[in-house]
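Number of protein chains: 2
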Amino acid sequence: MDHSADRTTFKRHSSLSTLVAHFFGILAVILMLIWLLHYREGIEYGSDNPLKVLNVHPFLMYCGFLFLVGQAMMMYKTAYASHQVQKMVHGGLHLIGLVLGIVGICAAFRFHDKLNLKNMVSLHSWIGLTTFILLGLQWLLGAFTFLAPQSSSGTRTRMMPSHVLGGRALLYMGIVAALTGLAQRATMLGQSTNAESRLINFTGLAILLFGVSVDFSVALGRYN
Amino acid sequence: MDHSADRTTFKRHSSLSTLVAHFFGILAVILMLIWLLHYREGIEYGSDNPLKVLNVHPFLMYCGFLFLVGQAMMMYKTAYASHQVQKMVHGGLHLIGLVLGIVGICAAFRFHDKLNLKNMVSLHSWIGLTTFILLGLQWLLGAFTFLAPQSSSGTRTRMMPSHVLGGRALLYMGIVAALTGLAQRATMLGQSTNAESRLINFTGLAILLFGVSVDFSVALGRYN
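Chains as they are written, first to last, in UniProt numbering: chain A, 1 to 224; chain B, 1 to 224.
Treat the hints with care, since some could be wrong.
Same chains, same names: a pair is fine if it fits in one copy or spans any two.
[As the list claims (entries may be wrong)] Listed next, the in silico SDA-like pairs over lysine to any residue satisfying Cα-Cα at most 20 Å (straight line): (1) Lys118 / Met188; (2) Lys114 / Thr193; (3) Lys118 / Gln191; (4) Lys11 / Val121; (5) Lys118 / Leu31.
Hints are computed from structural coordinates only; laboratory data are not their basis.
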């Protein structure tokens, strides 16, 4: 089999994975909004209702943070622009995601404060905050290595594999954080076979499949 | 930088990741045993105590299934043996893991039956069973493609990228399944800052870091 046929196949599969990622990514956004706005209390950071404040957390952590991180990972290759612009979009979307994520994390703390609950008790909170801090550090390291004009192309080539591997691990850690959060919330609401329970499960599955297809899109894109 | 220096670096980092994976993998086994034997009711499939039956589930799904799957993934490259033996070890360990996993899944169903609880209600159960079935199919496809003497080397080369990508996604999906299960159980037991809660969190973190370092070990090993 000749190598160019290989490359074409990988490229086609990468584009297909990107499409699938968009489908599940947007599906998860829609399902989460139906959950939080229709079945739950709504989303409002400044509300006196602690549950409305709590709902800001899953909304911003997925629809704001994780969704944009996935988009940023794919756009490094797929954005129709010069490589320099692709890099700026990649870093810029991550930065927007991180800022929205900070607000989302504050919402969880604000909810705990309102009910005098302790912070950082659950497995979800441990994994979530660890992942978020590591992604912040990865962003800083990435900006200094790949965007700062001082860094040499040798440094960039040497750092690329660990940037890619680290990014992938952090994507999956983000997925783990999201799904442990959903599992915890669903358990608190009481496991049952009602419509809301199933909606939460489908939201979780969509987030998981978004993560997997982002990984496929990026990995197959790298074979090009 | 010359290419051979690159390869040496990747090889060294792959070995380091394997070592880290062993550390966190075995740490998680120890922490889980302390949890189930000391803080919980113990592990017994045939017990009249439903909770002893339930405890068989996390024990076999991590210490039996997921731990062996991770080992099998790393041993494809690291086992000191001929390539044919490496492949047999890789497939064989997966098979043992799958068999132990079936018993572990049966334990969860047996627990539900004893308490007249419905099966397949939680996000954890949806993700866990999906992952398990897909891994079973991946094993079958892998055996027919890479072990059966009839398949050509062209087929094997063509199938390898999807085998590797699929295997990695299933590893992370297994980690997600394990951690949603732990998060759900911890929530049911009541979130608190006591020793058991922290032990469950550390077990979850160790399982997550095991998964990430298996991914690193395999990915860096492939650059050799």
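At most 20 Å between alpha carbons: which applies to Lys11 and Val121, within, between, both or neither?
Neither, since 44 Å and 38 Å both go past 20 Å.
Should Lys118 paired with Gln191 be assigned to within, between, both, or neither, using CA atoms and 20 Å as the limit?
Answer is between: at 10 Å across copies they meet the 20 Å cutoff, but 24 Å inside does not.
Status of Leu31 relative to Lys118 across identical chains (alpha carbons, at most 20 Å)
Intra 29 Å, inter 24 Å, cutoff 20 Å: neither.
Using 20 Å as the alpha carbon limit, work out where Lys118 and Met188 are close: within a copy, between copies, both or neither.
This pair counts as both: shortest intra-copy Cα distance 16 Å, inter-copy 17 Å.
Within, between, both or neither: Lys114, Thr193 at alpha-carbon 20 Å
between (31 Å within a copy, 19 Å between copies)
Violated hints, listed in ascending order, are 4, 5; each of the other numbered hints is respected by the structure.
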